[in-house]
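Asker: Here is what each chain is made of, one letter per residue.
Protein chains: 2
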Amino acid sequence: MNCSLARALGAVGDWWTLLIVRDAMFGVKRFSDFQQSLGIARNILSARLERLVAADILSRQGTAARPLYELTAKGQALLPALVALMQWGDAWEVNGAPPVLVTDAAGRKVKPLEVRSPSGAVINGATVQFSPGPGADRRTRAFFKALQAAKDD
Amino acid sequence: MNCSLARALGAVGDWWTLLIVRDAMFGVKRFSDFQQSLGIARNILSARLERLVAADILSRQGTAARPLYELTAKGQALLPALVALMQWGDAWEVNGAPPVLVTDAAGRKVKPLEVRSPSGAVINGATVQFSPGPGADRRTRAFFKALQAAKDD
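Line order of the protein sequences matches chains A and B. So that you can map any letter, position 131 of the first sequence is 133 in the numbering used here, and since no number is skipped, the others follow by simple counting. So that you can map any letter, position 137 of the second sequence is 139 in the numbering used here, and since no number is skipped, the others follow by simple counting.
No lab work stands behind these hints, which were simulated from the structure alone. Check before you lean on any hint, since a few could be wrong.
Stretch-level coverage of chain B by chain A, calculated; a stretch enters the list once three of its residues show a Cβ under 8 Å from a Cβ in chain A [stated by the list, open to error]:
#1 102-110
#2 128-141
Which stretches of chain A does chain B cover? Using the computed rule of at least three CB atoms under 8 Å from a CB of chain B, they are [claimed, not checked]:
#3 23-29
#4 85-95
#5 101-109
#6 135-145
Backbone N, C-alpha and C define an ideal beta-carbon position, used for all residues, glycine too.
In isolation and in its complexed conformation, chain A is listed as follows (with noise of 0.2 Å):
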């Protein structure tokens, strides 16, 4: 089945990869940083820089012997979802102690994420309805199709 969050996924790689993103988020830029943060080996690393730098997430500055890098707008467009995971790990895995605060430049906790409709009201998982969009292939057509006999079952 296509769809954005698929693709989303397969354009990241990795789920430990979104900690690189993070870090990089955080403001670290040097190889060595990372590594130090994350605590994985070189050559892991170094495969998922290469594989940032390739999506378009991250760029390499610097010089070829110092690389730094650094997030692209596309990479700086994942701020909302590592917020929304962040967020989501405060409320449910960490009882109520945050180890990382998310602030605007004044200090300030930002709020929490929420889906809400143009008139502004909140949607939540019960709320929610999906439906095949413009890009839909066949396969996701017949996906929704068959989900919704299932309901009217």
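Please arrange chain B on chain A, whose structure you already have, making use of the hints.
Answerer: Then chain B, alone, in the frame of chain A:
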């Protein structure tokens, strides 16, 4: 480094497991329907469903012979993270033709998720700040201290 993002990734367990959560959001409940949607081997799907049940993201309902998997409150709370990733995929990976639309019950497309300060100002990758929170361990505090020193350098 302890961080709610890492905890969230650990709870879900695997990048592609998020597609099971997506299908559950779509309304898929039966093993065979997850299998048809995801096209993965029975034993892998089975292990991932068990993991999501153990993490209290899905609950097993129905009968032993015909189990139904439903999102718990904790699972439904992944909606903003899921929608944020889908919107990122829509914007950067599918050339503006979303395969799947996310709407309210009336069929109106949901708004793009944005990180906002308490005053409502949009915060982006350039203006967001991160700092150690009440749940930060010694390593997390040291990480942010070193990062600040590198910036001041």
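Asker: Hint by hint, work out which the structure violates, then give me just those numbers in ascending order.
Answerer: Violated: none.
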